[in-house]
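J.: Read off the chains here:
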Amino acid sequence: MTKYPVLIAGLLLALFAVSGTSLLAFTYDQTAERIAANEREALLKNLSALVPADSIDNDIVSDFITIADKDRLGGEHIQVYRGRKADQPVAAVFTTTVPDGYSGPIKLLVAVNADYTLGGVRVISHKETPGLGDKIEEERSDWIFGFKGKSLKNPDISKWKVKRDGGDFDQFTGATITPRSIVQAVKNTLLYYKDNSRSLFAPAPVNVASTQ
Amino acid sequence: MADTGYSKLIKDGLWSNNQALVALLGLCPLLAVTNTAINGLGLGIATTLVLTLSNVTVSLIRNLVRPEVRLPVFVLVIASFVTAVELSMNAWFYGLYKVLGIFIPLIVTNCAIIGRAEAFASKNNLFRSAIDGLAMGAGFTFALVALGSLREIVGMGTLLSQAHLMFGEGARGLTLTLGEDFNGMLLAILPPGAFLGLGFMIALKNVIDGRAASRKVKVVLAEAQTS
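Those protein sequence lines, which keep their order, are chains E and V. Quick note: the first sequence uses our numbering, first residue 18, plus one each step. Quick note: the second sequence uses our numbering, first residue 78, plus one each step.
Incorrect hints may appear among the rest.
Stated by the list, open to error - To give a feel for the contact side, a few chain E residues facing chain V, derived at Cβ under 7 Å: (1) 40; (2) 48; (3) 52; (4) 148.
To be clear, the hints were calculated from the coordinates, so they are not data collected in a lab. Remember, it's a predicted structure, so these values are computed and weren't measured experimentally. Cβ coordinates follow ideal geometry from the N, Cα and C atoms, glycine included.
Construct all of the structure, not just a fragment, from the sequences and the given hints.
T.: Shown next as structure tokens:
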């Protein structure tokens, strides 16, 4: 025992590494299914607030593609969830990222109906200032609901700005940058949809659907 | 040291050696998550769980582990428990997990936990270590909730907002709104408010301790005079 102290210590350490890893593997195994279900449920709840469940007949959570457009959608891995009824497009929900929030990126869900109007916008995550920029959350103010029904013609595309910049959208007292960047990002998403609406709803080849 | 009773362990954890207010350990999560009372409670419970589990485990293996690998083993034990707690919260308290986010894995870096493992659990038996973990955790939770409540009241004019994340939808009604027109003092919610709030709490604790100490001195003096 005293002859190889380092060996003993190493073995002990290995023993604890193995038992720690086993504990984690066990916990992971017990929770993985539930965690996946939680995430799916949270996503479905968000999606169905924007695309009413009775307006579609497909499984919108599973029917998505991943696209890249850094300029208009803010990222290389933007998911687009596609709602269909009788195989006709109903709405597309973009996980648009706003790259230029006041303190970091803001993640949105932007639902665009097949008639180019907005089904609604929600903020999924953000780091904006509490009490000022966080009025973009649905629980803190009604501002985010104002996007519903808007399109590039209503208001006119030149009015897709906050009021301070001569546009049609309210800013908040003490926070202009946050709403400004969100309005811009929603407008860009609408523009992207306008250019790509046909290809977005193309029946997904099997390989696209299976790669995240 | 060895003959100190359980009541002293509990008193140490909750008050005299409170890890947050006296030892000033674990400040990173303490300052970062305490913008509401519920956030503080959530992280406090998670920390208590990890602290108790790690204290128990360290105490069980204290005669087995050689001194050379003591610290790596403690870190391994703590990291395993933290990850297990994180996964469990993700599974059963999804809403709260979303709010606390990065701070659950950061429990690993809470020096209070390895501090208790090294200073207490590695030298004491199973039961005493468990009590110490619970008491220290409760004291830390108390500090988190007190600071969280303070900042929430001053900063937002509410108390127990988002209680439904922890206790389910039925708890929505628990939220207290203090004054309809009170928009809150933003400073309290922002990081400086955490430092200020903690400063006031430590000051208050010192005042209370100071009063208690001077009273004791007076009693001793009075006894000395009468005898």
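J.: Give a verdict on every hint.
T.: Do the hints match the structure? See the list:
1. A hinted interface residue such as residue 40 of chain E counts as satisfied when its beta carbon comes closer than 7 Å to some beta carbon of chain V; here the least separation is about 5 Å, so the hint holds.
2. Annotation: interface hint on residue 48 of chain E holds; nearest CB of chain V at approximately 4 Å, less than 7 Å.
3. At about 5 Å, the closest approach between the beta carbon of residue 52 of chain E and any beta carbon in chain V falls short of 7 Å, and the interface hint on this residue holds.
4. Of the supplied interface hints, the one on residue 148 of chain E holds, with its beta-carbon coming within about 5 Å of a beta-carbon of chain V, less than 7 Å.
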